[in-house]
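Student: What follows is each chain in one-letter form.
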Amino acid sequence: MSGWTRKDLVGIVDLSAAEIGTVLDTAKSLQEISTRSIKKVPTLRGRTIANLFFEPSTRTRISFELAEKRLSADILNITGSTSSTAKGELLKDTIRNIESLKVDMVVIRHSCTGAPHRLAEALNVSVVNAGDGINEHPTQALLDMFTIREKKGRLKGLKVLFVGDILHSRVARSNIWGLTKMGASVVLCGPKTLLPPRIEELGVTVTTNLREAVKDADVINLLRIQKERQDQSFFPSIREYAIAYQINSEILKKAKPDVLIMHPGPVNRGIELSSEVADGPYSVILDQVTNGLAIRMAVLYLLSGAKSIESKKE
Amino acid sequence: MSGWTRKDLVGIVDLSAAEIGTVLDTAKSLQEISTRSIKKVPTLRGRTIANLFFEPSTRTRISFELAEKRLSADILNITGSTSSTAKGELLKDTIRNIESLKVDMVVIRHSCTGAPHRLAEALNVSVVNAGDGINEHPTQALLDMFTIREKKGRLKGLKVLFVGDILHSRVARSNIWGLTKMGASVVLCGPKTLLPPRIEELGVTVTTNLREAVKDADVINLLRIQKERQDQSFFPSIREYAIAYQINSEILKKAKPDVLIMHPGPVNRGIELSSEVADGPYSVILDQVTNGLAIRMAVLYLLSGAKSIESKKE
Amino acid sequence: MSGWTRKDLVGIVDLSAAEIGTVLDTAKSLQEISTRSIKKVPTLRGRTIANLFFEPSTRTRISFELAEKRLSADILNITGSTSSTAKGELLKDTIRNIESLKVDMVVIRHSCTGAPHRLAEALNVSVVNAGDGINEHPTQALLDMFTIREKKGRLKGLKVLFVGDILHSRVARSNIWGLTKMGASVVLCGPKTLLPPRIEELGVTVTTNLREAVKDADVINLLRIQKERQDQSFFPSIREYAIAYQINSEILKKAKPDVLIMHPGPVNRGIELSSEVADGPYSVILDQVTNGLAIRMAVLYLLSGAKSIESKKE
Numbered sequence: 001m002s003g004w005t006r007k008d009l010v011g012i013v014d015l016s017a018a019e020i021g022t023v024l025d026t027a028k029s030l031q032e033i034s035t036r037s038i039k040k041v042p043t044l045r046g047r048t049i050a051n052l053f054f055e056p057s058t059r060t061r062i063s064f065e066l067a068e069k070r071l072s073a074d075i076l077n078i079t080g081s082t083s084s085t086a087k088g089e090l091l092k093d094t095i096r097n098i099e100s101l102k103v104d105m106v107v108i109r110h111s112c113t114g115a116p117h118r119l120a121e122a123l124n125v126s127v128v129n130a131g132d133g134i135n136e137h138p139t140q141a142l143l144d145m146f147t148i149r150e151k152k153g154r155l156k157g158l159k160v161l162f163v164g165d166i167l168h169s170r171v172a173r174s175n176i177w178g179l180t181k182m183g184a185s186v187v188l189c190g191p192k193t194l195l196p197p198r199i200e201e202l203g204v205t206v207t208t209n210l211r212e213a214v215k216d217a218d219v220i221n222l223l224r225i226q227k228e229r230q231d232q233s234f235f236p237s238i239r240e241y242a243i244a245y246q247i248n249s250e251i252l253k254k255a256k257p258d259v260l261i262m263h264p265g266p267v268n269r270g271i272e273l274s275s276e277v278a279d280g281p282y283s284v285i286l287d288q289v290t291n292g293l294a295i296r297m298a299v300l301y302l303l304s305g306a307k308s309i310e311s312k313k314e
Numbered sequence: 001m002s003g004w005t006r007k008d009l010v011g012i013v014d015l016s017a018a019e020i021g022t023v024l025d026t027a028k029s030l031q032e033i034s035t036r037s038i039k040k041v042p043t044l045r046g047r048t049i050a051n052l053f054f055e056p057s058t059r060t061r062i063s064f065e066l067a068e069k070r071l072s073a074d075i076l077n078i079t080g081s082t083s084s085t086a087k088g089e090l091l092k093d094t095i096r097n098i099e100s101l102k103v104d105m106v107v108i109r110h111s112c113t114g115a116p117h118r119l120a121e122a123l124n125v126s127v128v129n130a131g132d133g134i135n136e137h138p139t140q141a142l143l144d145m146f147t148i149r150e151k152k153g154r155l156k157g158l159k160v161l162f163v164g165d166i167l168h169s170r171v172a173r174s175n176i177w178g179l180t181k182m183g184a185s186v187v188l189c190g191p192k193t194l195l196p197p198r199i200e201e202l203g204v205t206v207t208t209n210l211r212e213a214v215k216d217a218d219v220i221n222l223l224r225i226q227k228e229r230q231d232q233s234f235f236p237s238i239r240e241y242a243i244a245y246q247i248n249s250e251i252l253k254k255a256k257p258d259v260l261i262m263h264p265g266p267v268n269r270g271i272e273l274s275s276e277v278a279d280g281p282y283s284v285i286l287d288q289v290t291n292g293l294a295i296r297m298a299v300l301y302l303l304s305g306a307k308s309i310e311s312k313k314e
Numbered sequence: 001m002s003g004w005t006r007k008d009l010v011g012i013v014d015l016s017a018a019e020i021g022t023v024l025d026t027a028k029s030l031q032e033i034s035t036r037s038i039k040k041v042p043t044l045r046g047r048t049i050a051n052l053f054f055e056p057s058t059r060t061r062i063s064f065e066l067a068e069k070r071l072s073a074d075i076l077n078i079t080g081s082t083s084s085t086a087k088g089e090l091l092k093d094t095i096r097n098i099e100s101l102k103v104d105m106v107v108i109r110h111s112c113t114g115a116p117h118r119l120a121e122a123l124n125v126s127v128v129n130a131g132d133g134i135n136e137h138p139t140q141a142l143l144d145m146f147t148i149r150e151k152k153g154r155l156k157g158l159k160v161l162f163v164g165d166i167l168h169s170r171v172a173r174s175n176i177w178g179l180t181k182m183g184a185s186v187v188l189c190g191p192k193t194l195l196p197p198r199i200e201e202l203g204v205t206v207t208t209n210l211r212e213a214v215k216d217a218d219v220i221n222l223l224r225i226q227k228e229r230q231d232q233s234f235f236p237s238i239r240e241y242a243i244a245y246q247i248n249s250e251i252l253k254k255a256k257p258d259v260l261i262m263h264p265g266p267v268n269r270g271i272e273l274s275s276e277v278a279d280g281p282y283s284v285i286l287d288q289v290t291n292g293l294a295i296r297m298a299v300l301y302l303l304s305g306a307k308s309i310e311s312k313k314e
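Protein chains in written order, with this note's numbering: chain F, 1 to 314; chain C, 1 to 314; chain B, 1 to 314.
Take these hints with a grain of salt, some might be off.
All copies of an identical chain are treated as equivalent in the list; a pair is satisfied when it fits inside any one copy or across any two copies.
[Said to hold, decoys possible] Under the rule of at most 16 angstroms between Cα atoms (straight-line distance), these lysine to aspartate or glutamate pairs were calculated in the EDC-like manner: (1) Lys102 / Glu32; (2) Lys92 / Glu276; (3) Lys40 / Asp104; (4) Lys151 / Glu200; (5) Lys156 / Glu200.
Quick caveat, the hints were computed from the structure, so don't treat them as lab data.
As the structure is a prediction and not an experimental result, all values here were calculated from the model.
Chain F with its partners taken away, still in its complex shape (with noise of 0.2 angstroms):
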């Protein structure tokens, strides 16, 4: 059905638009499945599947590990914390260990770029990266484009516009690998100390000034402030970052009429965005989160190989 073929989901950037539009397919014939009375199908009964989390995460591991129930999944919850890693383990030593219980699948956030790579080589089970330091978090990406899509109808020729920290962003990073190679053109906005160098050579357009950027972008995505960056220097106070790239009722006012505003969450109210906007009727918040339990429900599943999702309906 689907023509998908790889064994593992590392990052956006290996990804062809062909691959992108199957994930986002796959992902709306499973939506309906959140909206029923009994949420659950039998697709992945009998498979294993290790939820890897050596950063702290609430709502990736939630979303993932709801994906994986409504799908029948076995379970395994490893996080740093509880790990033999604290003992000197090394990362491959866990995996390989996990191998030999014969899990089918490894999610895996971890704080070291390129950690998910590494795995996926070496092992014969399919991994997924729920983000790897601040290389990728291509599920975040994917889900992104899909509420976009939905939305908006399509991604081509749209003008998609992140504000924020996009320095530290796997966020941003996955969704410029994506947003591009789905002929979506995409802007990058916020303080000159948080713009990587020499990122227009991914095909982006830079800019410092929001009051411009907003005003003919279809849809503003906000990155989350990490309030330690304050004292790394990266900006001089939470305030004048407030003052500059916060978005608000009255930078609205510059933008398009059916402006999406998105950001992955948690929000920081009254920082990188205000609540009035966060709550009021541009905001597509909530429907990333919803989205998102699609997103990983059709991950799971192409990377399952499984054959068919409407022979398995309950």
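For this one, chain F is given, so just place chains C and B on it according to the hints.
Tutor: Using the frame of chain F, we list chains C and B on its own:
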């Protein structure tokens, strides 16, 4: 079947005697499931329940989790320490996200009085209060009433004595609402500093004289003494507290021969209760644990609006 | 089918050779489940198993949890840090409560020698020792024996060498009981400070000379060196320990050409074992992990008294 129409269970204060009766009767009919070899019914299969515990808890959390498993629900466990609330996210945002994941029910324990109530108002999903601050712990009161009714055959006309830290006890508070509605009379006993001012207005009797109070009690429900209260000068020392208010074999000589000894657990052996009595013939403490499971199954079942237990037997 | 009559598995010391054989044979028959596409049988569906881990553990906990899931049991995970034991509750009270929840089996790891034994006596439910202090770790010994029997075709007449910290090793202790019962001979090797006094009385040979000891060993089972022992003066330094007792390619030149290298994990690469040997052709370390799953499934299955695996195949 049940006539139950509430979306939420946030407090006993809201319930009618008929509604309390419905929960107790439903628990009675579900009790038998946990005695089977296969302790499971498919009643809530494919429903998702999120357990949000923002206060540490072992027994209440386990009791809910097991009740959910025996009804075949899918479960998301979220605790305060692993949650993004640490990253400055508001409780409301957490819950909105959970709602976006198409969760069916939320069980919440929170240190703030009224947290479950505010959520119940804001959300479409069912909310169960698993303890909010010093306000209510409705499933504990329901399991206490169930246990008394099982042992005594009725609640009406019984005298139920609570001993200990009434001031900080959500267990006592929920029981007071429930027992008085069901026609039992309630006596509260403890040092003056641990008795809430004007609590008599709820229709209860208050005393500091334990030796008198035990005489005509049908039930004595002990409340856990928080050792850290000692530092806050609520009582001079654990030892002096135990001399005046411990229930032990000596003081039980003054009690009725068929008195029931209850405790919500975990027991401070040798403080509010002697080991001899905790493990003795009057104690129904372990029955409370068993009954808690049936009560929580009943609450989840009623809130889920499931049509029939019988027709769904495996 | 099995002739198994024990309620509990608390130690290898209690088992007969026939009983050990029954566990190994049962594991052999269950091994195949984890190689299926649907890695699950309904054998323990509707049974509840509580995993009580009062000591940190990743691999043993995961192995038990996965074994339970592949047998379709319902699982309660309770760890020391989240448990009410922190609030001063006794272990016995915790377990009594668990019994009141109609749990069917308890898997317990505890830092106190004999904790599982005392529970097994006190309770009606089955208790599995997942490691108690420095006393026993019976499922580890069973999986070690299973792995040897798989590779060598027998246990009788083999010479099994244990190298390292014998003094603090519950793995060694359980293996000594098991291997000697099964007709293998056991040699213990390590610095004098890490050899228990009078251990020869258990029917084993003791040496401090690794170079001699490896010569006729059929199996070399390495024990993990706890780096913190260095501060307690059990050995002068990690470096000196490694010079005298590390198993590496050099020392293996003296060993039999078909020697097996085992380790309960996690391996301190470069200390008790060189990476080259850990990942080399003699190593069966990952087989041990795979076999651990089958052994734990076998133990849970036998203790549950389930009548037949075959008749319950899905």
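Student: Among the hints numbered above, which are violated by the structure, and what are their numbers in rising order?
Tutor: 4, 5
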